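Enquirer: Protein sequences, first through last, are from chains F and C.
Here the first sequence is numbered in this note's numbering, starting from 1 and rising by one per residue.
Here the second sequence is numbered in this note's numbering, starting from 1 and rising by one per residue.
Careful: at least some of the hints might be erroneous.
[To be verified] Lysine to any residue pairs mimicking SDA-like chemistry, simulated, CA-CA at most 20 Å apart: (1) F:Lys260 with F:Phe223; (2) C:Lys71 with F:Gly163; (3) C:Lys71 with F:Pro105; (4) C:Lys71 with F:Ala110; (5) C:Lys158 with F:Val240; (6) C:Lys238 with F:Leu27; (7) F:Lys17 with C:Ser209; (8) C:Lys120 with C:Phe90; (9) C:Lys230 with C:Arg171; (10) C:Lys120 with C:Met145; (11) C:Lys158 with F:Ala22.
[Claimed, not checked] Using C-beta positions, here's what the derived DEER-type ranges look like: (12) F:His212 with C:Ala53: 52 to 62 Å; (13) C:Pro178 with F:Ala25: 21 to 31 Å; (14) C:Thr137 with F:Pro208: 57 to 67 Å; (15) F:Asp26 with C:Met232: 51 to 61 Å; (16) C:Pro119 with F:Asp36: 32 to 42 Å; (17) F:Glu118 with C:Ser209: 51 to 61 Å; (18) F:Phe35 with C:Ser225: 46 to 56 Å; (19) F:Asp36 with C:Met232: 13 to 23 Å.
No lab work stands behind these hints, which were simulated from the structure alone.
In this text the structure is predicted, and so the values were computed from the model without any measurement.
Glycine included, every Cβ here is placed at the ideal spot set by N, Cα and C.
What follows is each chain in one-letter form.
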Amino acid sequence: MEQRLANTWQMTVNERKFIEMALAADLRVDDRGPFDYRPCTITFGRHVFLSPPFHSSLIYLCAGGSSEVQLGETRVMSYVTSQLVQPYRDRPNEGTLSIFTEFSPMADPAFEAGRPGEFAIELGRIVDRGLRESGAVDMESLCVVVGKLVWSIRVDLHILDNGGNLIDAANIAALASLLTFRRPECTLGGDDNHELIIHDIEDREPLPLIIHHLPVAVTFAVFGEGNIMVIDPSYKEESVMGGRMTITMNSNGDICAVQKAGIGISSSVIIRCLEICAVKAAEITSKINHAMESFNDGRSIQYPNFHPVDVAIQDNLPDVIMDKKQIENLIGHLAALPLDALDRNSNKSGAVVVGTNTRAKFENNQARDGVPFYSPSNWDPYPRKLCSRLARSSLKLSGLPEDVEEDKVNTTQSVTVECGLEHTKGASSSRALETPSEYTTVEATSQYIKAPKTLKDAVKIQNRKMRK
Amino acid sequence: MNSMPSDSASMSFVDRVVVPGDHVLDLTGMANQTIKLGAGLRQDGDAISVMKAGKLRISKPNKYWVESSHKRYVPCVEDTVLGIVVDSKFDNFLVDIKAPMLGLLPVLAFEGGTRRNIPKFEIGTLLYVRVVKANNTMNPELSCMDETGKAAEFGPLKDGYMFETSTGLARMLLSSPPCPILEALGKSLSYEIAIGLNGRVWVNAASPSTVILVSNAIMNSEFLSAAQQKIMVEKLMKRLQ
């Protein structure tokens with residue numbers, strides 16, 4: 001008990017009285033005006049594009065949008081991933097969007113690892129309401145096959161440092177990452193327009209999400225009798241405040257959501273807050289757009305057409321083409337297979353999150369350090385079952401005799417490769433895969449390709465076991 | 001940094017930044033001399049080596065120690081610190097002094113303190129106290145009296161505003177001759193300040209705006225040179241007018 005007391009942050013009576021007294025005189029302790037935001041910086045994660053044979057299963061990963069927002073001392077990171085799933089039964093033509101929050105204990109000693117606390121859930125709910133229920137992200141464009149396959153977008157918010165006002169920072173981070181997120185393009189093609197083609201990023205540029213408007217959250221802290229309001233409370237102000245009100249608004253002046261907690265506020269004060277919020281929302285929206293533009297300029301210079309920098313290996317693999325029946329089989333697969341969440345490494349801090357947790361088995365002798373993949377958390381957004389390679393492999397399973405599969409199982413070396421948000425690392429890993437001789441013998445003799453050990457081989461065995 | 005085995009060369013390490021592993025003093029040429037080692041130094045056979053990164057300091061005739069700046073405070077005897085009351089027990093107040101363990105302030109450690117007039121401190125009271133016993137295995141013991149038993153400015157601090165800094169900045173503020181920032185601020189403003197070696201600083205003044213100005217100026221002055229500190233204060237004064 002004593003140790004706990006020693007480690008928690010204490011607020012003195014002097015500070016409390018002083019902050020309240022200063023606010024009564026319209027002064028804030030960090031020398032801001034009552035309606036001034038702290039300086040806000042938005043940085044984006046870089047995209048990594050790996051050359052084949054990783055390309056297909058990791059294509060969704062490479063297009064991940066991530067951003068880190070620093071609002072004064074508060075830091076929040078957001079990461080967006082996508083997965084193809086079955087839609088909800090009452091909304092067969094809409095994709096889904098879900099928000100998850102991770103309150104790391106390194107951000108604040110009061111946060112505990114494990115289950116999200118009350119405030120974590122509240123923050124997730126506020127961001128979710130602003131984005132999903134206001135219709136900011138277009139859900140119908142995420143539909144691939146009505147009633148069968150839609151894109152499910154998942155936003156992970158990681159709190160890195162709690163300096164006060166997590167809600168605003170988390171909201172900006174979520175918006176910034178959704179704006180930079182790209183998903184692979186899928187089209188219906190083939191002879192009778194019943195085949196689903198998931199395009200490689202080299203063939204077709206991945207698509208951004210359609211975002212109609214940017215709902216920005218502005219948090220007010222209430223002091224005194226409910227008549228003193230300040231924007232963007234710092235950590236100390238949050239400990240002293242009597243209540244809090246968060247208004248989510250877009251730059252058109254539409255109110256998307258309102259959340260209020262604590263002591264009562266009169267309606268005239270609320271109206272005044274709404275007016276201030278309209279101005280602030282416009283400011284923050286322009287800041288986000290600015291950051292987006294400079295990021296996109298940088299990206300188009302670095303990655304015209306998003307081609308990987310070092311393509312040493314020929315990609316002879318065609319896109320996945322699945323017809324209706326095969327799609328249904330796949331979905332049946334997905335329903336039957338439990339998500340193998342237990343052996344995932346979950347990277348709670350959210351840095352460097354590209355790649356599934358499978359091992360790529362190579363017959364080349366290049367020793368790579370066993371740096372493991374991480375996935376955002378225990379959820380597998382890139383189920384190996386649904387990658388194009390898997391699609392191929394599942395098609396293959398129905399075709400080829402099993403002993404052929406078994407040959408592939410014997411590998412000389414299992415290698416894990418790290419792909420990070422650092423472009424240089426991605427480039428170097430692609431360089432490392434340069435022309436082992438086995439690759440040059442890859443020939444697309446049929447749709448079923450005898451490639452050297454790849455991710456899908458790891459998957460295939462599992463499939464077989466499951467089937468049995 | 002190479003280890004230089006000569007006495008004159010060790011003087012060259014004084015007041016310079018050293019890192020763990022540096023040998024700053026060679027004892028072979030110094031028979032019959034007593035050297036006192038303070039924080040961050042250790043005897044390694046015939047040489048004195050550094051354990052903590054920081055600046056090597058010497059106090060004539062023979063005391064050496066390493067001064068470093070951290071957010072955490074390591075209690076030392078005779079340090080004056082600012083503590084926050086966390087709990088009160090029968091014979092001790094539990095006081096948080098930013099150390100790994102809570103400090104214990106005996107209820108009788110006040111001038112003229114008896115069982116009848118034990119002070120009542122609510123949780124969150126800010127106290128200016130002195131460290132009496134500091135051992136890394138026990139809770140540090142504190143006192144609100146000086147050695148002779150007088151109150152000498154120790155005790156609870158009323159009003160004002162407290163903020164936390166690193167231990168290095170607190171030491172700089174306490175240096176004599178007075179730190180340039182405090183002098184420059186004192187020329188145009190009147191304020192009261194209490195500095196704890198554990199990195200806590202308390203400021204009080206007549207108006208809240210003065211308090212806010214002084215506290216922000218001090219927090220920003222940690223890595224500025226003397227001249228830069230003076231310039232910053234001049235700019236702040238101009239803004240006020």
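Enquirer: All hints, please: hold or fail.
Expert: We went through each hint and held it up to the structure:
{"no.": "1", "hint": "F:Lys260 with F:Phe223", "in the structure": "14 Å, holds"}
{"no.": "2", "hint": "C:Lys71 with F:Gly163", "in the structure": "16 Å, holds"}
{"no.": "3", "hint": "C:Lys71 with F:Pro105", "in the structure": "18 Å, holds"}
{"no.": "4", "hint": "C:Lys71 with F:Ala110", "in the structure": "18 Å, holds"}
{"no.": "5", "hint": "C:Lys158 with F:Val240", "in the structure": "18 Å, holds"}
{"no.": "6", "hint": "C:Lys238 with F:Leu27", "in the structure": "18 Å, holds"}
{"no.": "7", "hint": "F:Lys17 with C:Ser209", "in the structure": "14 Å, holds"}
{"no.": "8", "hint": "C:Lys120 with C:Phe90", "in the structure": "12 Å, holds"}
{"no.": "9", "hint": "C:Lys230 with C:Arg171", "in the structure": "19 Å, holds"}
{"no.": "10", "hint": "C:Lys120 with C:Met145", "in the structure": "17 Å, holds"}
{"no.": "11", "hint": "C:Lys158 with F:Ala22", "in the structure": "16 Å, holds"}
{"no.": "12", "hint": "F:His212 with C:Ala53: 52 to 62 Å", "in the structure": "53 Å, holds"}
{"no.": "13", "hint": "C:Pro178 with F:Ala25: 21 to 31 Å", "in the structure": "30 Å, holds"}
{"no.": "14", "hint": "C:Thr137 with F:Pro208: 57 to 67 Å", "in the structure": "60 Å, holds"}
{"no.": "15", "hint": "F:Asp26 with C:Met232: 51 to 61 Å", "in the structure": "24 Å, violated"}
{"no.": "16", "hint": "C:Pro119 with F:Asp36: 32 to 42 Å", "in the structure": "41 Å, holds"}
{"no.": "17", "hint": "F:Glu118 with C:Ser209: 51 to 61 Å", "in the structure": "37 Å, violated"}
{"no.": "18", "hint": "F:Phe35 with C:Ser225: 46 to 56 Å", "in the structure": "35 Å, violated"}
{"no.": "19", "hint": "F:Asp36 with C:Met232: 13 to 23 Å", "in the structure": "21 Å, holds"}
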